[in-house]
Structures are given as C-alpha cells and as structure tokens.
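Chains as they are written, first to last, in my numbering: chain B, 1 to 284; chain V, 1 to 284.
Hint data in this document are derived by calculation from the structure and do not stem from the laboratory.
Here the structure is a predicted model, which means the values were calculated and not measured.
One or more of the hints may lead you astray.
Between beta-carbon pairs, the in silico distance windows are [stated by the list, open to error]:
{"no.": "1", "chain 1": "B", "residue 1": "Leu254", "chain 2": "V", "residue 2": "Glu121", "range": "16 to 24 Å"}
{"no.": "2", "chain 1": "B", "residue 1": "Gly170", "chain 2": "V", "residue 2": "Arg63", "range": "50 to 58 Å"}
{"no.": "3", "chain 1": "B", "residue 1": "Glu26", "chain 2": "V", "residue 2": "Pro247", "range": "30 to 38 Å"}
{"no.": "4", "chain 1": "B", "residue 1": "Arg246", "chain 2": "V", "residue 2": "Arg29", "range": "46 to 54 Å"}
{"no.": "5", "chain 1": "V", "residue 1": "Val279", "chain 2": "B", "residue 2": "Val249", "range": "36 to 44 Å"}
{"no.": "6", "chain 1": "B", "residue 1": "Glu235", "chain 2": "V", "residue 2": "Ala25", "range": "54 to 62 Å"}
{"no.": "7", "chain 1": "V", "residue 1": "Pro247", "chain 2": "B", "residue 2": "Gly120", "range": "26 to 34 Å"}
{"no.": "8", "chain 1": "V", "residue 1": "Gln219", "chain 2": "B", "residue 2": "Arg246", "range": "19 to 27 Å"}
{"no.": "9", "chain 1": "B", "residue 1": "Thr189", "chain 2": "V", "residue 2": "Leu48", "range": "49 to 57 Å"}
{"no.": "10", "chain 1": "V", "residue 1": "Glu165", "chain 2": "B", "residue 2": "Gly220", "range": "37 to 45 Å"}
{"no.": "11", "chain 1": "B", "residue 1": "Glu26", "chain 2": "V", "residue 2": "Leu244", "range": "32 to 40 Å"}
{"no.": "12", "chain 1": "V", "residue 1": "Lys266", "chain 2": "B", "residue 2": "Pro83", "range": "49 to 57 Å"}
{"no.": "13", "chain 1": "B", "residue 1": "Gly120", "chain 2": "V", "residue 2": "Gly143", "range": "57 to 65 Å"}
{"no.": "14", "chain 1": "B", "residue 1": "Gln27", "chain 2": "V", "residue 2": "Arg63", "range": "44 to 52 Å"}
Within a straight-line C-alpha distance of at most 27 Å, the following computed BS3-like cross-link-like pairs (lysine-lysine) qualify [unchecked claim]:
{"no.": "15", "chain 1": "V", "residue 1": "Lys36", "chain 2": "V", "residue 2": "Lys137"}
{"no.": "16", "chain 1": "B", "residue 1": "Lys266", "chain 2": "V", "residue 2": "Lys187"}
{"no.": "17", "chain 1": "V", "residue 1": "Lys187", "chain 2": "B", "residue 2": "Lys200"}
{"no.": "18", "chain 1": "V", "residue 1": "Lys56", "chain 2": "V", "residue 2": "Lys44"}
{"no.": "19", "chain 1": "B", "residue 1": "Lys144", "chain 2": "B", "residue 2": "Lys187"}
{"no.": "20", "chain 1": "V", "residue 1": "Lys266", "chain 2": "V", "residue 2": "Lys187"}
{"no.": "21", "chain 1": "V", "residue 1": "Lys200", "chain 2": "B", "residue 2": "Lys187"}
{"no.": "22", "chain 1": "V", "residue 1": "Lys187", "chain 2": "V", "residue 2": "Lys142"}
{"no.": "23", "chain 1": "V", "residue 1": "Lys59", "chain 2": "V", "residue 2": "Lys44"}
{"no.": "24", "chain 1": "B", "residue 1": "Lys56", "chain 2": "B", "residue 2": "Lys44"}
{"no.": "25", "chain 1": "B", "residue 1": "Lys36", "chain 2": "B", "residue 2": "Lys56"}
{"no.": "26", "chain 1": "B", "residue 1": "Lys266", "chain 2": "V", "residue 2": "Lys266"}
{"no.": "27", "chain 1": "V", "residue 1": "Lys144", "chain 2": "V", "residue 2": "Lys187"}
{"no.": "28", "chain 1": "V", "residue 1": "Lys266", "chain 2": "B", "residue 2": "Lys187"}
{"no.": "29", "chain 1": "B", "residue 1": "Lys187", "chain 2": "B", "residue 2": "Lys266"}
The beta carbon of each residue, even a glycine, is placed where N, CA and C say it ideally should be.
Number of protein chains: 2
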Amino acid sequence: MIKGWREFCSMLPPEVRSIIEEMRAEQIRGASYLAKRGAEAYVKLAQLLSGEELRKALKEIRREIIGVNPTMASLYNLVRFVPITGDASLVRARAEEFIRLAEEAKREIGNIGSELIDDGEVIITHSFSSTVLEIFKAAKGKGKRFRVILTESAPDYEGLALAEELESLGIPFEIITDAQIGLFARKATLAIVGADNVTKDAVINKAGTYLLALTCHEQGVPFYVAAETFKLHPEARAEEVELLERPLVRGGRLVRNVLFDVTPWKYIRGIVTELGILVQPKDV
Amino acid sequence: MIKGWREFCSMLPPEVRSIIEEMRAEQIRGASYLAKRGAEAYVKLAQLLSGEELRKALKEIRREIIGVNPTMASLYNLVRFVPITGDASLVRARAEEFIRLAEEAKREIGNIGSELIDDGEVIITHSFSSTVLEIFKAAKGKGKRFRVILTESAPDYEGLALAEELESLGIPFEIITDAQIGLFARKATLAIVGADNVTKDAVINKAGTYLLALTCHEQGVPFYVAAETFKLHPEARAEEVELLERPLVRGGRLVRNVLFDVTPWKYIRGIVTELGILVQPKDV
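Just chain B, same shape as in the assembly:
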C-alpha cells in the first residue's frame, strides 16, 4: 500500500483519525479502554460531520475500529451499537450511551467480583485488565485485606503498569516473570484475569492466560474471568477469531508475538459480568 494512501482516501477528519492512530499504538491498555476510546472517536465524528458525509465516515470508522485489533469483541460490539445514519445527534447519543454503560458495567463488575475476595486472599492475575483492577479497588474499598501476585507480562510489561496502580491503592503485590506462573499459582487462593473476547467455547485474553488457567486447574485454584458483556461474542467459536500478532525483535532476531491465547471454558469457574457471574454453558 502506498504510504499515506489511507489518509488520502479517508473520509475521517484528522481529529478522529488521530484517536484511531493512538488506539493502534496502545500497548498496555486492553479491550475496555480501546472500546471507550473508539466510542470517543464516534462522539468526535458526530461533532464534526453530519448527513451523507457522516454516513460515509461511519462506514469507514467501523472498519478502522475493528482493524485496530480484530481479536477484541468489544470493538465489534461498539460498532454494532452505533447505527450508520446521517443523524449526528443520534450517533453522538449512542456513543455516549456506550461509554456510560461501559463505566457502569465496570463499576458493577467491581462490586460483584469483590465478593469473591475474602480476607487474607492471595490473588494471581496475568497482564493488566482495568476490569480486574476495578475488582481490586472495590474489594479494597470494602476494607478487605488481600495480596496480589502478578506477571510482568512480556514483552510489553503491562504488569509493571498494574503494579503502579496497586502501589497507589496500597494493595501489597509481588511481580513474577511469566515463566514462573507454575511456581506461584500454587501460592494463590484465587485467580482473576480479564478478557478480550468471550466466545461460545473459550475466553481469549493475553497470551499466557491459558497457562495460568491450566496451572490453576491442576492446583485446585479457582480461576475467574472478569468481562463486561460487551466483550461477549456468543455466536462465535474461538477458532474463528483472528489472534493479532505484533512484530517483536529480541537480540536481532524475530520472535513470534501472538498477543492472545485461548482458554477453553472447562478451566473457568465463572465469568464475572455486570449482570452476574456466568458459568459454563451445558452444550460446550
């Protein structure tokens, strides 16, 4: 593709395009954050365009937002939530409603998920999920004492960003390398991770999640996933979901870097959503 071609042919104003470029560049924050930023791109678009221009731009932004990360169900559900129309105020209202519902969902997941945490709990997590962080915040807010074992989550080290958050909340934690999941899961009493996509048969999340789930299954540690319902993709099977890979070079050599892996339902005790805790469907 000729460099600049995308911008040349685009209906999207630069203010909107820059939000999408920023979403593409994001390496730490996950499916909730990107869905919210995508909704903000819609709001911006509705402020700048209307009528036929808006309608064309909406068709384009739909592809662009999904293209940011085709693994994330949240982006599909966002673009389904906002209709393709020339009515700018409708677009804006829907995008703002998405943001409001997402914020409410996260708060409610924090509330429900925090009930899983008892005093003295040792919780292991992988990567950095803002939804899981919300559960930690809510539990802390309820006065529960617990500590967290978290993976550094190579190669982008989102774990270090989570450590920063936990430190500011006064929640004790220990950071491990990803390869030590097997050693430390046995010290945990509970595991909670986020999700990028919940399909009919599995949870897709940061690569390494499957390893944690297997280990927890082996060690008898209950393994939960926290996910807003806009991350559900119940009509899809995991094998139909494209797993995004990002180029990685280490010591001058190309290293495979598929960002996500697939954890079958059978290793998951429950999925904490804003509507309650989902358990394994019978037909899986």
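Chain V: place on chain B using the hints.
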C-alpha cells in the same frame, strides 16, 4: 560478611577460585556445563596442591561447588565422585574420569534421543539445554528433517543462544515468548527439555518447563526430558531441593526470579539418559 572474607580464609588457589567465580556468574549454560567446569576446577586444584593442603582445599571446594547452584544435582554428584584425599593424582584421575564420562553420556543421549525424532517432526523445547542440543545434532547428522520451536526464556534469554546454535547447524526454528507456550505447543509433535535435577518424584528444570509439560499433556504432545545420569538424585523428593532465585529488577521494580520449577513425573513420557529411556517408576 566482610568483603574479601571468603578469599581471606580460603584454602583455594586464585586459579581455582576464578573458575568457581566464573561458574557463579554463568547465566546461559546449565547443569552439564557447570559440572564440567567444576571437574576442571578439581583438576586445577590437584595440579597445585597435595597432601594435607589438598585435603583441606577439597573440603572447601565441595561446599563452594554446591554453593554455585544448590538446585543442580550434577554438582552434588560431581563432588561425591571425587574423594577427599591428599593424593593429588587420584583427585585428578577421578575429575578427568568425570569429564570423560560426561562427554560420553552426552554423545550417547544424542544417539538415543535422536531416535525419537522422525522426519517432519516439530519439536518444542524450553530454555537452552546442551544435552537437548546434542540430540538435535545427532538427528541432523542422521539426515533427519525437523524443525524446532523454542522459547526465548526470559529474563536471561538463553533461547537466543540456542537459536544461534541451531542456525549454525542449519536446523530451522521459530522463537516464541514464554507466554506463548500454550499457543505453540499444539503445533508441536514432540517436546524435549533438559533437566537440572531429577528427583524421585519430579524433574527440576528452568522455570516454565512445568507450563510446557502441562500444555503438552493437555494437547497430547509427548514430553521427554534429556538428562545424564549424573543429574539423577533418586533419594530426594523435589520439595527437598532448594530452588535458586536470582535478583531481577525490571522498570525499577523487583521481580521474583526463581530460576527453576518442578514438573511431576506424571507429565513426563520418558527421561532420555545415556543408559536408555527411563519411564515413570511405579511407586510415584
């Protein structure tokens, strides 16, 4: 401890001490290499001392060599192999015999292990085992075509050193991050790793080995360990073995870095030794 105290009170000549310091600093090579270097330290000691001085120094070097890495059975078996005596020629002969037996064992493991590899095999491994490399060399020497999936093995990235060796042998390979073990094990037809210690109930090897073994068990990929018999510690149980941890700082934060994890026998199809392939003992 006062700096320099160890040198001050030591019976060990500087030439021997420098070998032990080099062993302590080694971050890439494993239990076979360190045992060989330890045997070379014995040879050097026998060249420099004799009689009562040698006897005292032998008592000290025993502690020092085990202290290099108390997880590695090879170091215990080395120090048991060399008697504490004032007879320098006996010490030298035993140490040289250890080196010769170790070299023969590795060659024979290469020979036996290469028979596990069929044409078209896709072999996944973790970390860098010189014994596993010997199997790859022998298989290549027999004209077998196969490829290797290997982990980078954070935080010391021994995988990159293995990649270098495979490249020079003309064996095709793909490097993955440790967290992708779950994604890539399913593409493999065989798994082979090294060992630092084989106890009555488990194999102790670089952290992450247990995750690979669990995944292979789940995916039906046969999982083998390659280990010279001097890595066996059959009277010990894994819980009695001290797992060495090395300090690690990432982004200004302390990260836990236990170097080894424990893989129970039940996940291991066989242990390739120079005497043949060991299978799970009945009483485990």
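- Message: Run through the hints listed earlier and report the numbers of any the structure violates, in increasing order.
- Response: Structure breaks hints 2 and 4.
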